[in-house]
Amino acid sequence: MMKILVCVKQVPEFDLEAEIKINESGQGVVTDHLTAFRMNRFDEYAVEEALLIKKELSDVKIDALTVGPEESAAAVRRAMGMGVDNGIHILTQEGNPLFAGQVAQWISNVVKIRDYDLILTGVMSEDQMQGQVGPMLAEFLNLPCATSVIAEKMTPENQTVLVEREIEGGYRDVLRLKLPAVVTIQSGINLPRYPSLSNVLRAKRAKLEIFEADSLSQQETATVSTLDYPGKTRAAEVLSGSQSEKAQQLFRVLQEKAIIP
Amino acid sequence: MIKKTAVIFESFAGKIRLPSWEALTCAIEVNSGNADEIQLILLGEKPETLAQQITNTSGWNVTAIETGKGGFYNSARYKTILTDLFKEQGTTHICLAGTTQGLDYAPGLAIRMDAECITGVEGVFQAGEHLGFMRSIHGGKIVAKLSIKAPKAVIVTQPGTFKPFADTDVSPGIVDLRTASAEENPTRNIEVKQVQKESSALAEASIIVSAGRGFKEEENLDLIRQLAAVFTKSAVAGSRPLCDLGWLEYSQQIGITGAMVAPDMYLACGISGAAQHISGMRNAGFIVSINADPNAAIFNYSDVCIVEDLITFIPTMIETFAKLKTN
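Quick mapping for you: the protein sequence lines, in order, are chains X and R.
FYI, my numbering numbers position 203 of the first sequence as 203, with every residue one higher than the one before it.
Converting from the second sequence to my numbering requires adding 1000 to each position, the first position being numbered 1.
Everything labelled a hint here was simulated from the structure, so no lab data went into it.
Careful, some of the hints might be misleading.
Unchecked claim - Below, simulated DSS-like cross-link-like pairs (lysine-lysine); rule was C-alpha separation at most 25 Å, straight line: (1) K1233/R with K257/X; (2) K61/X with K204/X; (3) K55/X with K153/X; (4) K232/X with K1163/R; (5) K1003/R with K1087/R; (6) K1197/R with K153/X; (7) K1323/R with K257/X; (8) K54/X with K3/X; (9) K1193/R with K1015/R; (10) K1003/R with K1197/R; (11) K112/X with K61/X; (12) K3/X with K112/X; (13) K61/X with K153/X; (14) K1163/R with K21/X; (15) K257/X with K1325/R; (16) K207/X with K3/X; (17) K1069/R with K1193/R; (18) K153/X with K1015/R; (19) K1163/R with K1003/R; (20) K178/X with K1193/R; (21) K178/X with K1069/R; (22) K204/X with K153/X; (23) K1233/R with K1325/R; (24) K232/X with K1087/R.
Given these sequences and hints, build the entire structure.
Next up, the structure:
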């Protein structure tokens, strides 16, 4: 049997037009009871890819794992709703900022004793946009790793996976990784499914495997992070008036700049 | 503590990638403007020619490492070669560009070197006695300022944010050519293949009209095509989420894994302004953004900002432009 782990993250669902505010500590953003949370979109592609592998190879078991406070368990349950078999939650203290190196180390502590053949994650998280946990996890586990993967083919008969990394300018970097391996998934690789009702019901009842992060390992972080609002890099002149007045102003500006005749 | 800074250059198809020159600018800032003792590094097949180019342009010494036939990028190999080299050279701060390649090996390299890793770096500042780095989070609406207490750091720059290094008053340094030994490797390179021609439409366009998630429905995208038709020498482009949805072709995608463009005007419609997208268009001559969200990050990179609903504003704009043109 083949075992796959998918690492997923719960992120705040800020409306496209939402104003995001920095909280009092200056180290996080304001979320309240009105803030919705959802699974990081890049991780949805990773979950779907695991499910597609299971469909093709049949004898596959998939675990989903998340790191975060109590409410982040919803991301694991969402993955189970999509069809993942088991859920693992590395529970952290509410309000503590998470650092990629620490998160990767916690996951490696839990994963070390299990023999996963393949570990998938999204290429990055939508909120922090670092893209570090996947390749750092690979390093802690001493496994080969490929990031930004836009196509993959498992070949269990020779214990490898063929991957295509999306690189710049319409090119792909094609690699064969020896299993077990860590692969981070780029958006667009597949079309993530919606959870099915029967799976959602099962996920709701399912007991997650829980590890207290504090009991796993503590890494002294060497980073202090404070948040700020971005400054302007250009004039950022805001046009005012009615729609047609704004369109007229824009026309004149573009004429002055000789962008239009 | 002695700071020793290095920059890892990257080449593709016989050319140095532009963001590597930006990483060098970042390294100079990391060194508090002190340009002495920045070690430049280049890996690849027959790297001498490009290494010579780098030292001719920059004036610094280059360690060029021959990685053998094909010269493929290989993360496992790169991490081993670089860790050994930095140990030998006593390097504490490593700057590299946040290309898909840089982002692939930098986090693992940092773990191996027991260094902090900061990706998406858009600025450097001094935080007391520590170095600080700025990066965008939450789709560009917030800036995180990280001050690094660790003695070692791997610093990955967001493409397009630092000015590419340029100095005419330099005399070439020395190229130290080495050969990396082959080793057992769990990652085998098969090939680098082109799946998509770079869009000549985008490269040749004077005006790029670009769509983002603000369009909400696929049928609304007709508006962007109509708007593009208002301008001569124009092309339609968009952000990655629209390409993932299949509403636009990937060849129309602007951003790090898509096209990097610098047209006379970039007209961003309903684009929020995540760092990945900004990197691809921030050097346009003139940037106009239309977005219903007054807090959209894209406005910070724009010359002109229009807070409006696209679906009603674009038809008004098309009509107004037509009227004013005939007058």
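Here's how the hints hold up against the structure:
A hinted pair counts as satisfied when its Cα atoms are at most 25 Å apart, and K1233/R with K257/X qualifies at roughly 16 Å. The straight-line distance between the Cα atoms of K61/X and K204/X is roughly 19 Å, inside the 25 Å bound, and the hint therefore holds. Restraint check: the Cα-Cα separation between K55/X and K153/X comes to about 13 Å, which is no more than 25 Å; the hinted pair holds. A hinted pair counts as satisfied when its Cα atoms are at most 25 Å apart, and K232/X with K1163/R qualifies at roughly 17 Å.
Between the alpha carbons of K1003/R and K1087/R the distance comes to roughly 13 Å, so the proposed pair stays at or under 25 Å and holds. About 24 Å separates the Cα atoms of K1197/R and K153/X, which keeps this hinted pair within 25 Å; it holds. Distance check on the hinted pair: K1323/R and K257/X sit about 19 Å apart at the alpha-carbon level, within 25 Å; holds. About 9 Å separates the Cα atoms of K54/X and K3/X, which keeps this hinted pair within 25 Å; it holds.
For a cut-off of 25 Å, the pair hint linking K1193/R to K1015/R stands: about 17 Å separates their Cα positions. For the given pair, K1003/R sits about 43 Å from K1197/R by alpha-carbon distance, which is inconsistent with the 25 Å threshold. The hinted pair formed by K112/X and K61/X meets the criterion: a straight-line CA distance of about 17 Å does not exceed 25 Å. Our distance criterion of 25 Å between C-alpha atoms is met by K3/X and K112/X, whose separation comes to about 13 Å.
For the suggested pair K61/X and K153/X, the alpha carbons sit about 17 Å apart, so the restraint of at most 25 Å is met. For the proposed pair K1163/R and K21/X, the alpha carbon gap of about 30 Å is over 25 Å, so the pair is violated. Among the hinted pairs, K257/X with K1325/R is consistent with the structure: their alpha-carbon atoms are about 15 Å apart, no more than 25 Å. For the given pair, K207/X sits about 19 Å from K3/X by alpha-carbon distance, which is consistent with the 25 Å threshold.
Simply put, K1069/R and K1193/R have alpha-carbon atoms about 17 Å apart, close enough for the 25 Å limit, and the pair holds. Restraint check for K153/X and K1015/R: not satisfied, since their Cα atoms lie roughly 31 Å apart, outside the 25 Å limit. With a C-alpha separation of about 23 Å, the suggested pair K1163/R and K1003/R falls inside the 25 Å cut-off, and the hint holds. Distance hint between K178/X and K1193/R is fulfilled; the C-alpha atoms sit about 21 Å from each other, no more than 25 Å.
Among the hinted pairs, K178/X with K1069/R is consistent with the structure: their alpha-carbon atoms are about 21 Å apart, no more than 25 Å. For the hint pairing K204/X with K153/X, the CA-to-CA distance comes to about 32 Å; that exceeds 25 Å, so the pair is violated. Note on K1233/R and K1325/R: the hinted pairing holds, with a Cα-Cα distance of about 16 Å set against a maximum of 25 Å. About 40 Å separates the Cα atoms of K232/X and K1087/R, which puts this hinted pair outside 25 Å; it is violated.
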